[in-house]
Amino acid sequence: MPATSCTIRDSARLSAKTRLFTAIVVVSNVTGNSALTHGMKQLGDIGNSPLALIGALFHPWVALGVALLILWTLTHMALLSWADLSYVLPVTAIGYVLTALSGEFLLGETITMEHWAGILLITAGVTLVGVTRPATTMEQTPS
Amino acid sequence: MKWLLVFVLVTSTTLGDVARSRGMKKHGEVREFHPGAIRRALWSLARNKWVILSTGAMAISFFTFVRLLSIAPLSFAVPVSAATLIPETILARLFLGENVDWRRWAGAGLIAAGVVLISR
Chain A
11 MPATSCTIRD
21 SARLSAKTRL
31 FTAIVVVSNV
41 TGNSALTHGM
51 KQLGDIGNSP
61 LALIGALFHP
71 WVALGVALLI
81 LWTLTHMALL
91 SWADLSYVLP
101 VTAIGYVLTA
111 LSGEFLLGET
121 ITMEHWAGIL
131 LITAGVTLVG
141 VTRPATTMEQ
151 TPS
Chain B
3 MKWLLVFVLV
13 TSTTLGDVAR
23 SRGMKKHGEV
33 REFHPGAIRR
43 ALWSLARNKW
53 VILSTGAMAI
63 SFFTFVRLLS
73 IAPLSFAVPV
83 SAATLIPETI
93 LARLFLGENV
103 DWRRWAGAGL
113 IAAGVVLISR
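Listed in order, the protein sequences are those of chains A and B.
The opening position of the first sequence corresponds to residue 11 in this note's numbering, with each subsequent residue numbered one higher.
The opening position of the second sequence corresponds to residue 3 in this note's numbering, with each subsequent residue numbered one higher.
Careful: at least some of the hints might be erroneous.
Claimed, not checked - Mimicking DSSO-like on lysine-lysine, the simulated pairs with C-alpha atoms at most 30 angstroms apart in a straight line are:
| hint | chain 1 | residue 1 | chain 2 | residue 2 |
| --- | --- | --- | --- | --- |
| 1 | A | LYS51 | B | LYS4 |
| 2 | A | LYS27 | B | LYS28 |
| 3 | A | LYS27 | B | LYS51 |
| 4 | B | LYS28 | B | LYS51 |
Stated by the list, open to error - Negatives, chain B to chain A, calculated, CB over 12 angstroms:
| hint | residue |
| --- | --- |
| 5 | MET3 |
| 6 | LYS4 |
| 7 | VAL10 |
| 8 | THR13 |
| 9 | ARG49 |
| 10 | LYS51 |
| 11 | ALA74 |
| 12 | PHE78 |
Just so you know, these hints were derived from the structure itself, not from any lab.
Every residue, glycine too, gets a C-beta built ideally from N, C-alpha and C.
Please build the complete structure, drawing on both the sequences and the hints.
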């Protein structure tokens, strides 16, 4: 197999894998945080005792939130095993947009001009970073 | 109290992300995802000093964020948590040796500004 085609194939493979893992990282973070917040609000003020915190884990929404955040931790770690931090961090910031939009849609609120401007800026920033090569410190496939 | 929590939050999140990235690069690209491979990877990561440091820092970051939410509104906690974008991008360049070109700098800046607008 010619070396060049191997490099191109490797970089295409890495881009596809990066897109898949970025999607899982974002969705697990956004849904995990909402489930956790929802559950903690239902429980109300539980104080600071460690026992109460452990007890909270048995609340179904809290348990779902924690499970999703464990998935987030593992996929975030896997993604960082090949992709740059200066790529992963800005690209996963699209989660802020999803959180804002889902909150406003679910509550039936109208989105203000200021929020639209914020959404536009974040989306532009994510797109700008998203077109860069995800991994710049990895050794290239030897040619 | 509020600004002390913000300082601890930004510092621990930055340390957590940078150490996680360093540890995972040292581990190398995760290529296999069947249960046996995941178990082996987790076992090796449990002894990776950077990953251990990162997990401790992330735990501090998580509980500080929860604590901050109990004394400040979400519209304050979310934008200050996004302030980590700037120190982390600087450390990615200096400490992790990443190639941070103008698009990544500009992107981080646009996102930080956007998060401030979206949180108001």
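Status of each hint after checking the structure:
For the hint pairing LYS51(A) with LYS4(B), the CA-to-CA distance comes to about 21 angstroms; that is within 30 angstroms, so the pair holds. Restraint check for LYS27(A) and LYS28(B): satisfied, since their Cα atoms lie roughly 19 angstroms apart, inside the 30 angstroms limit. Simply put, LYS27(A) and LYS51(B) have alpha-carbon atoms about 26 angstroms apart, close enough for the 30 angstroms limit, and the pair holds. Taking the CA atoms of LYS28(B) and LYS51(B), the gap is near 10 angstroms; set against the 30 angstroms cutoff, the hint holds.
Even its closest Cβ contact with chain A, about 14 angstroms, leaves MET3(B) beyond 12 angstroms, as expected for a residue assigned away from the interface. Non-interface call for LYS4(B) relative to chain A: holds, since the shortest CB-CB distance, roughly 17 angstroms, exceeds 12 angstroms. Listed as outside the interface, VAL10(B) is consistent with that label: its C-beta sits roughly 16 angstroms from the nearest C-beta of chain A, beyond the 12 angstroms cut-off. Chain A leaves THR13(B) outside its interface by the beta-carbon criterion, the shortest separation being 16 angstroms against a cut-off of 12 angstroms.
At the 12 angstroms boundary, the C-beta of ARG49(B) stays outside the reach of chain A, the nearest C-beta of that chain being 14 angstroms off. Non-interface call for LYS51(B) relative to chain A: holds, since the shortest CB-CB distance, roughly 15 angstroms, exceeds 12 angstroms. Even its closest Cβ contact with chain A, about 14 angstroms, leaves ALA74(B) beyond 12 angstroms, as expected for a residue assigned away from the interface. Residue placement check: PHE78(B) keeps its beta carbon more than 12 angstroms from all beta carbons of chain A (closest about 14 angstroms).
Checked against the numbered hints above, the structure breaks none of them.
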